[in-house]
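K.L.:
These are the residues of each chain, in order.
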Amino acid sequence: MKKLLYSSGITFIIILLSGLVPLMAQEATPEPKPYIDAGNTAWMIVATALVFLMTPALAFFYGGLVRRKNVLNILMQCFIIAAAITLEWVIIGYSQAFGSSEGFLKPFIGDFDWAFLNGISINDVSPYYISQAEARIPHIVFILFQCMFAIITPALIVGAFAERIKFKGFFIFTLLWALLVYNPVAHWVWSADGWLYKLGALDFAGGTVVHINAGIAALVMALLIGKRKGLNGSPTTPHNIPFVVLGAGLLWFGWFGFNAGSGLAADGLAASAFLVTHLATATAAFTWAIMDWIFHRMPSTVGIATGAVAGLVAITPAAGFVGIGGAIAIGVIVSLVCFFAVSHIKPKLGYDDTLDAFGVHGVGGIIGAVATGIFATPAIQGAYSGLLSGNPKQLLIQLLATGVTLVYSGVITFILFKIIDKTSGIRVDDRIEEEGLDIYEHGESAYN
Amino acid sequence: MKKLLYSSGITFIIILLSGLVPLMAQEATPEPKPYIDAGNTAWMIVATALVFLMTPALAFFYGGLVRRKNVLNILMQCFIIAAAITLEWVIIGYSQAFGSSEGFLKPFIGDFDWAFLNGISINDVSPYYISQAEARIPHIVFILFQCMFAIITPALIVGAFAERIKFKGFFIFTLLWALLVYNPVAHWVWSADGWLYKLGALDFAGGTVVHINAGIAALVMALLIGKRKGLNGSPTTPHNIPFVVLGAGLLWFGWFGFNAGSGLAADGLAASAFLVTHLATATAAFTWAIMDWIFHRMPSTVGIATGAVAGLVAITPAAGFVGIGGAIAIGVIVSLVCFFAVSHIKPKLGYDDTLDAFGVHGVGGIIGAVATGIFATPAIQGAYSGLLSGNPKQLLIQLLATGVTLVYSGVITFILFKIIDKTSGIRVDDRIEEEGLDIYEHGESAYN
Amino acid sequence: MKKLLYSSGITFIIILLSGLVPLMAQEATPEPKPYIDAGNTAWMIVATALVFLMTPALAFFYGGLVRRKNVLNILMQCFIIAAAITLEWVIIGYSQAFGSSEGFLKPFIGDFDWAFLNGISINDVSPYYISQAEARIPHIVFILFQCMFAIITPALIVGAFAERIKFKGFFIFTLLWALLVYNPVAHWVWSADGWLYKLGALDFAGGTVVHINAGIAALVMALLIGKRKGLNGSPTTPHNIPFVVLGAGLLWFGWFGFNAGSGLAADGLAASAFLVTHLATATAAFTWAIMDWIFHRMPSTVGIATGAVAGLVAITPAAGFVGIGGAIAIGVIVSLVCFFAVSHIKPKLGYDDTLDAFGVHGVGGIIGAVATGIFATPAIQGAYSGLLSGNPKQLLIQLLATGVTLVYSGVITFILFKIIDKTSGIRVDDRIEEEGLDIYEHGESAYN
Amino acid sequence: MKKIEAIIRKSRFNEVKNELQEVGIDFFSFWDVRGIGKSRQERIYRGIAYDTSTIERLMISIIVRDKNLDKTVKAIIASASTGNIGDGKIFISDIEQAYRIRTGEMGDESLYIKGEEE
Amino acid sequence: MKKIEAIIRKSRFNEVKNELQEVGIDFFSFWDVRGIGKSRQERIYRGIAYDTSTIERLMISIIVRDKNLDKTVKAIIASASTGNIGDGKIFISDIEQAYRIRTGEMGDESLYIKGEEE
Amino acid sequence: MKKIEAIIRKSRFNEVKNELQEVGIDFFSFWDVRGIGKSRQERIYRGIAYDTSTIERLMISIIVRDKNLDKTVKAIIASASTGNIGDGKIFISDIEQAYRIRTGEMGDESLYIKGEEE
Ligand SMILES: Nc1ncnc2c1ncn2[C@@H]1O[C@H](COP(=O)(O)OP(=O)(O)O)[C@@H](O)[C@H]1O
Ligand SMILES: Nc1ncnc2c1ncn2[C@@H]1O[C@H](COP(=O)(O)OP(=O)(O)O)[C@@H](O)[C@H]1O
Ligand SMILES: Nc1ncnc2c1ncn2[C@@H]1O[C@H](COP(=O)(O)OP(=O)(O)O)[C@@H](O)[C@H]1O
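Protein chains in written order, with the numbering used here: chain A, 124 to 571; chain B, 124 to 571; chain C, 124 to 571; chain D, 27 to 144; chain E, 27 to 144; chain F, 27 to 144.
Source of the hints: derived by calculation from the structure; they are not laboratory data.
Among the hints, erroneous ones may be present.
Stated by the list, open to error - Calculated cross-link-like contacts (lysine-lysine; reagent style BS3-like; alpha-carbon spacing at most 27 Å):
| no. | chain 1 | residue 1 | chain 2 | residue 2 |
| --- | --- | --- | --- | --- |
| 1 | E | 43 | D | 36 |
| 2 | F | 36 | A | 352 |
| 3 | E | 43 | E | 93 |
| 4 | C | 352 | E | 36 |
| 5 | C | 291 | A | 156 |
| 6 | E | 36 | D | 36 |
| 7 | A | 471 | F | 100 |
| 8 | C | 350 | B | 156 |
| 9 | E | 93 | C | 352 |
| 10 | D | 93 | B | 350 |
| 11 | F | 100 | A | 352 |
| 12 | F | 36 | A | 350 |
| 13 | A | 350 | F | 97 |
| 14 | A | 352 | F | 43 |
| 15 | F | 93 | D | 36 |
| 16 | C | 541 | C | 291 |
| 17 | B | 352 | D | 93 |
| 18 | B | 229 | B | 321 |
| 19 | D | 43 | D | 93 |
| 20 | E | 100 | C | 352 |
| 21 | C | 352 | E | 43 |
| 22 | B | 156 | A | 156 |
| 23 | C | 350 | E | 93 |
| 24 | B | 545 | D | 97 |
| 25 | D | 43 | F | 36 |
| 26 | C | 471 | E | 36 |
| 27 | E | 36 | F | 100 |
| 28 | B | 471 | D | 43 |
| 29 | B | 350 | D | 97 |
| 30 | B | 516 | B | 321 |
| 31 | A | 350 | F | 43 |
| 32 | C | 471 | E | 100 |
| 33 | D | 36 | B | 350 |
| 34 | E | 36 | F | 43 |
| 35 | B | 471 | D | 97 |
| 36 | D | 36 | D | 97 |
Unchecked claim - Sample of chain F residues lacking proximity to chain A, with all beta carbon distances greater than 10 Å (derived):
| no. | residue |
| --- | --- |
| 37 | 80 |
| 38 | 82 |
| 39 | 117 |
| 40 | 138 |
Glycine included, C-beta positions come from ideal geometry on N, C-alpha and C.
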C-alpha cells in the first residue's frame, strides 16, 4: 500500500513539474445532425448483450475454481450484483458516472439530473460516441452498454475474498463500492467532463475503470479479510475445471462485445479492436501454456484459461489504440508477468487472493494501461499515439491515471472494509467456512 | 379451473356490455416502398439466434432442477421440440399462424398458402413490421424469428410433468398442442387478421401467446398426470444448481433477442425494450432474494434465478409499451406474487407442477399481460396507452385476451391429455419413475 | 484409402474426358466504389464471434463424450488450437490462404505479402464479398471471420485420436496440418485465385475445406494411432451427457454465424442460409431420433445431439445454394448415412475413431458437398445450379473437389503422422492411457 | 459395536432418515453406489446398443452399540421397503473398536454424547 | 456370509462384471474411490506445482454365501488383473447377518432368489 | 489384518495423508460421503424451507497388518482433529483375508512390497 501511494505520488509530481498537463481536450467537433443508425445500433445492442453474458461467464470461471462447497456462493454473488447494480445504475449510477454537474464537482462526479434516467427518451441519440460522429446509437443503448460494465466490475472483486465472506457484508460492500468508487472513477475517465479524460488518459474499454479499479480493491480486501483457514498457503484444487473452461470460453466470446463495442459503432475501429483483442488473448493463452510447459513439463487447463483472461484484461484499455505488434507484445508481457505474480510473488507475500482477482485483473490492468501509453499508434486512431510513436507524454498520463486509480480505489476500499467489519461483520464463522458457504449462507448444496 | 372460466366469462360480458370493442384496427398505413435494411436485418438475424439459444438454456434451467436420474429426459424433450417444431413450423405452422385465410376462419387461423413456405422467396420483404415501415427485414428472417417462439413455448410446458411422463405420450401431446393451440393463438394475437389483434390486445413479445398459453397447459397437465410417487408434496433437491444458474444466465441473455427483437428493427424501440427487460428482470431477481432473506434469513441461488425468470416472463408482453416505472413495478409485483404462488399456494393446492411451469410462466404471464394494460404509456409507442395513461379500455382488453387464452389452451390441453392417455398412455410405470427416466426412456445415464 | 484414391481418380478422368473444365470463372464485375456498410459489418462481427464460440462448444461436445479422466485433455487441445492457430493465421495463414501469389503457385497457395497482416489497414474494405458488391465489410472482419474457420477445422480432428495422444505430438501435428493442409485447401476453394474455385466448385461455408478436410485427416489419424487399450471395440460411456448437449446446443447456435455469415452480408441470402441450416439440422436430429426409436425402441440424447451435428455439417457447403426441399433432403440423408456409418460400418471396419470425427464430419461433409451439386437451385443464387436444376456438371465438379480434398488431406496427414511418430512420438504410454491423460499430460483432474 | 450397512433406494432416503431419528439414531454416513441387478437395461450409444444395466442406490453406514442393533435394523426395514423388487439389503458386521477423533474417546463411549444418552 | 471388497481398475469393470456373471454372482454394488499410491504425480495450479497424486479406482462390494467365496475371488483376480502395478486388492471380512429389505428375509436366504439357486 | 475406516473433514485430508506417509502407510482408498449430524441446517427451495442437513466428509479406508494398527490410528487422530464438533470417527474391524490382484499374493504379504518393508 505504502509503496503504491509513494510511487503514484512521484508520478504526479513528475507530470506537474514537466508541465505536461495541457488540456488536450478531445472536444466534440460541431457535428451536423446526429441520427440513430440501424447498423451501429444493431451491433451495439448485441455488444451489450455480450457484455451482460460476461457476468455469468465470470461466475462459472470463478465458480469452477472454488471448492465444491462454495460454488453457489460465487454464483449467487455474481447474480445479485447483476440484479442490484442494474437498479443502482438506472436509479443513480448512470447520472453520476456520465451526467454532468456544475462547479467544483464537475470533473469528479455527475449530479442527479439523469436519476431514474429522467428526461432521456426513446429516440434520443447517444451524446457519447467515438468513431462515428453522425451515425450514432440510441442514448438508451449507451446507458445499457455501460450498465453491463458497472455490473462486471464489482463481480471481478469477488474472486479475492471467495470462500470466507459473509453474504450480507459482501452485499453492503459491493453497493457502497459501486457508488463511491466505480461511479466516480468512471466519471473521471470516460465522462466528457472527467478530469482524467480531459487530461488525455486513454482507456478504450476499461483497463483503469474496470480492471485496475477492481484489482486493487480485490488486493485490499484479500489483505484485510485474511487467509482462509487451514490451508497453510497451499492452493485448493478447483472443484470443476470444465466450468472454468466454460467460463473462460464465454468470457472470451463476450469480451468481443466489451472491446469491439467500445467504439460504439460497427466500423473499422470495431474490427480493429476485435482483432487485437483476439490476438492478444491468443498470445497470452499460448504464452502461459509455454510457461507451464517449461516450468512443469506440461501445460495445464487452468493455466491456459488464466492466460487467456489475463490477455483479455491487458488488451482492454489498448484495444482501440494499438496494432498487431502492440497486441502481441501485450499478450506476451501480461502472461509472463501474471504467471510470476500468481505463482511466485503471491505465495511469497502470503496474502490469500483466492482466485487471483488482483494477480490477474489488477496486474493485467496495470500492464494494459501502461502498455497503451507505449504502443498506441496513430495508425488506428489518428489522434492518439504512445511512447513508441513519439509521444512519451501519453505514457506519463497513463501512469498517472493508473496511480490515481490505485490510490483512490485502494483507500476507499480500505475504509469500506473497516466500517462494514465493525458494523455488520464481514467474515464468516470458522464452522461455516469449514462446512461451506453454500449451506450456511444460502441453504443449498450445488450437486445432489 | 372453474374459477378461471367464471372470471374470464365475466370479463367478456363486461367488455361486451360497455361496448368497448370498436375495431381499433392498427391498419398498415400505405407505405412507399419497403426494402431490406442491412442494419435491421443484422439485428434480427442475431435476435433469432438468441431466441433459439433460449431452448437449450431452458433445458439446463429445468435440467438442473430435476433429480439426477431424469436430467437427460428433460434435455431430450427440449431438443426434440427444437427439431420437430421447426419442421412443423416450416411445413404448416407458419402458414396457419401468420398466413391469412378467407371467410369465417380469417380471424382465427391461417390457411395453407404458405405451407412449406411456398411462394416466399429469398428477397421478399417481411409483411410484418412494427417500428420501421420501410426499412425492413427479409420475410424469411421474420419466419425464423417466429419459429424460435414456436419452439420455446411447448418447451416451457415440460416443467409441469417432468420426471413422470412417457416420452411417446409427451411427443404426441407436444405436436398436437403446437398445431391446435399454439398456431391458432399466435394467429389471434399476432396475425394482422387475428381477432384479438384487431380488438387491440397488446402482447409485445409473447405474454399471452407464449407464457399464459404454456402456463395454463402446464397446470392442466400437472393436475391430470398426478403427483410424483413418494414425495408427499415435499420438493426434491435440484441435482445440479450450477446448471440452473447457467440456464438462467443464458435465458436472460437470449431474452434480449426475444424482447428487444420483437420490434423487428434496430432502433429506439429495441433499445427501450432491452432496457425495461433488463430492469424488470433485475428487479424481480432482487425482490425474490429479499423475500428469501426475510422469510429464511438467507437468499438462495435457485430463488434468485427463479425470480429473474419470473421477471423476464412478466415484462415480455409489456416490453414495447412500458417505461422505467412500469418495468420496476412489474418486476416487484411478479416476484412477490410468484414467490407466494410457488411457496404457499402450490403446496396448499397440492398439485405437483414439478418445476413451477405454471407458477412462474403462467402466473408471470398473466401479471405481465394485465400490467401491460395498466402501465402502457404513449411515451414509448404513441398509439398505445394503458389504465394509468387514461385508457382503461386497454386493461379490459388485456383481461379478455388473458381469459380467452386461459380457457382455450386449458380446454384443448385437457382434451389432448385424455385422448393420449387413453391411446398411447402418458404416465410411466412406477418402476421407471423410481429408477429414472433417463435409463428406461433413453438408455443412458447422465454422469458416468 | 485405396478405394478412395481410386474413385476420385476416376472422377478426375471423367471430368477431363468430358471436357467439362471450362473456366467458369466467377469474375468480379467491375464495381463502382465499395464502402464499409454498418449493417453488414454489425452482422459479420457478430457472426465472427459466433463462429469463435463453436470451438468451446465443440470442446464440450467432445469433452462430455470422453471418459472422466480425459476431459481436460480435450478441452486443452481445443483451447490451445484457438490460441496457436490465431497466431499462425495472423502471422502467415491468412496470407497463404487468401493472398495471391505469382506464377505456377497462384492457383495453389498465397504468398507472404499479407504476412503479419502487413499493409492491411483499419479502413480497408474487404476484397472478398459474396452477396453485396458495394456495401461491404472491413477487410479485418473478413480476416477474423476466416480465422475462426481456421481454428475449428483442426479442432474437429481431435475427436479421432482422443484419449490416447501425446499432447506434444498432437500440437506439432496440428500446427503442421494447418500450414500444409488447411491453408492450401482453403486457397484452392475460397481464394479468388484458387483452382477449385475457378473450376466452379461450390462450398458455401466449408464442407470441403472444413469438414471433409478434417474428417479424412481424422480417419487417417485414427487408423494410424490404433485402438484404445482394453475396449475390444465396445464404446465407452460418455462421462457427462449434459455437457454433450450443451456443446451441441452452442454448436447449433454458433453455426448460424458459420453458415448465415458466409454470405458476408446481412441480407436475404443470409436469411436463406440461416433457414436451410436450421431446417436441415432439425430434420437430421429428428431423423436420428427416429432411427434410435426404430432400432432400440427409445431415442437417446447422444443420438439426437449427434444427428443435429451431422445435419449442421452436411448443410454447410450447401447453405447458400439450396432451398427448403434440398435442406430437408440433406437432413434426412445425412442422418441415415451417418447413423449407419457410426453404428454399423465403423464397428465392422474396426478402427477406433473415438468420437466419430470421420463418421460425422467426414461422411457428413462428403454428403453435403455432393448434395450441393445435386440440389443447388438458381432460386437462391441465380448463377449456381445443380443436377436437379439441369446442371450435371456441377455434381461432377463437386465430386472432383471432394475427391481431391480426400486424397490431398489424407496423404499429407499420413506423412505428418509418420514423421511425428518417429521423432517426438505420438501415442501415450499404456499407464498414462489407463490412468487418464488429464493427470499425466496436464497435472490436473477435472472434478474434485 | 456393530456396523449396519444398508443399500436402499434413493427415493426412500428421507423416510429412512426420519425413522432413524425417531428411534434415536442421529449419526450416520451415506454415499451413492450403483448396483448390478438382474433386470438388464439396454444402453444406447450412437446407434449401438450395449448392455450395462446399473441402478442407483444409496449406501448407508451406521455404527451402533450392540443394544441398538435391533431397533435400527427394524427401523430401516420398515421405512425403506416398498414391496417391489429392488428394495435393497442390510448387512451386519462386527466392529472391534471405535474412536472419536475430536476427543480420542474409545469404544461405546465414542458413539454417544454423554448426558444425551437416550 | 462373507463380504468381498475389491478395489479394481475402472477399465477392467466390464470384464469383472461379465466374469462374475459367468460364475453366477448377479448382485453387487460398486462406487468410485480414489487411491493413494506410491507413484506421485505432480499437480499444477496456475504455475504452482504441488503433490497430491491420486488415482481413480472402483470399489466393488459383494456379499456372498460362504460357499461362493472362493469362486468369486478367483473370478475377480482372473478378470481384473493386467499384470501391471495398480491392479488393486481384494479384502475379505465376515458378515454376521443379512436382511432383504423387501421381504425381511434373513441370513443366507436373503442373498439368493429361491428357485433360482445356481 | 485390520480395516480402519475413518470419517474425517475434507479440509484435513492433506494433513492426514501426510501424517500417514510419515508413519509409513502408503496405500489407502478414500471417497466422499455425507454425514447426518445433529446440527440441522435449513434448506430452501423456491421459498420453501425444509430440513435435510447433511455435511460432507471423507471416508478413508485402510487395510493394515495388525502390527501397524496402533500407529495408524494415532496418526489419524493426531492429524484429523481440530477440537471442534464434527471431527469424525474411526472404526476398526477385522479382515480375514487379503489378495493382491496383480500377483495373487495372499494375506499380510499382499499388503506390503517386499524389500520395501519399513
Ligand atoms: N449380495 C450383494 N452384495 C452387494 N450388494 C448387493 C447384494 N445384493 C443386493 N445388493 C445391492 O442391493 C440392490 C438392490 O437389491 P435387490 O436384490 O435388487 O433387491 P430385492 O432384494 O428387493 O430383490 C442391488 O442393486 C445392489 O446394489
Ligand atoms: N492397504 C490398502 N488399504 C486400502 N486401499 C488399498 C490398500 N492397498 C491398495 N489399496 C488400493 O488399491 C489401489 C491399487 O493398489 P496397488 O497397491 O497400487 O496395486 P498393486 O498391488 O498392483 O501394486 C490403490 O490405489 C488403493 O486405492
Ligand atoms: N455412528 C456413526 N456411524 C456412521 N457414521 C458416523 C457415526 N458417527 C459419526 N459418523 C460420521 O462422522 C461425522 C462427524 O461425526 P460427529 O459425531 O459429528 O463428530 P464429533 O465426534 O466431533 O461430534 C458425521 O457427520 C458422520 O458422517
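K.L.:
Does each hint fit the structure? Answer for all of them.
P.N.:
Structure-based check of each hint:
no.: 1; hint: 43/E / 36/D; result: holds, 23 Å
no.: 2; hint: 36/F / 352/A; result: holds, 13 Å
no.: 3; hint: 43/E / 93/E; result: holds, 19 Å
no.: 4; hint: 352/C / 36/E; result: holds, 13 Å
no.: 5; hint: 291/C / 156/A; result: violated, 58 Å
no.: 6; hint: 36/E / 36/D; result: holds, 24 Å
no.: 7; hint: 471/A / 100/F; result: violated, 34 Å
no.: 8; hint: 350/C / 156/B; result: violated, 63 Å
no.: 9; hint: 93/E / 352/C; result: violated, 35 Å
no.: 10; hint: 93/D / 350/B; result: violated, 40 Å
no.: 11; hint: 100/F / 352/A; result: holds, 23 Å
no.: 12; hint: 36/F / 350/A; result: holds, 18 Å
no.: 13; hint: 350/A / 97/F; result: violated, 32 Å
no.: 14; hint: 352/A / 43/F; result: holds, 18 Å
no.: 15; hint: 93/F / 36/D; result: violated, 40 Å
no.: 16; hint: 541/C / 291/C; result: holds, 15 Å
no.: 17; hint: 352/B / 93/D; result: violated, 35 Å
no.: 18; hint: 229/B / 321/B; result: holds, 12 Å
no.: 19; hint: 43/D / 93/D; result: holds, 19 Å
no.: 20; hint: 100/E / 352/C; result: holds, 23 Å
no.: 21; hint: 352/C / 43/E; result: holds, 18 Å
no.: 22; hint: 156/B / 156/A; result: holds, 25 Å
no.: 23; hint: 350/C / 93/E; result: violated, 40 Å
no.: 24; hint: 545/B / 97/D; result: violated, 46 Å
no.: 25; hint: 43/D / 36/F; result: holds, 23 Å
no.: 26; hint: 471/C / 36/E; result: holds, 26 Å
no.: 27; hint: 36/E / 100/F; result: violated, 32 Å
no.: 28; hint: 471/B / 43/D; result: holds, 25 Å
no.: 29; hint: 350/B / 97/D; result: violated, 32 Å
no.: 30; hint: 516/B / 321/B; result: holds, 14 Å
no.: 31; hint: 350/A / 43/F; result: holds, 22 Å
no.: 32; hint: 471/C / 100/E; result: violated, 34 Å
no.: 33; hint: 36/D / 350/B; result: holds, 18 Å
no.: 34; hint: 36/E / 43/F; result: holds, 23 Å
no.: 35; hint: 471/B / 97/D; result: violated, 35 Å
no.: 36; hint: 36/D / 97/D; result: holds, 21 Å
no.: 37; hint: 80; result: violated, 8 Å
no.: 38; hint: 82; result: violated, 6 Å
no.: 39; hint: 117; result: holds, 22 Å
no.: 40; hint: 138; result: holds, 30 Å
When held up to the earlier numbered hints, the structure conflicts with 5, 7, 8, 9, 10, 13, 15, 17, 23, 24, 27, 29, 32, 35, 37, 38 and fits the remainder.
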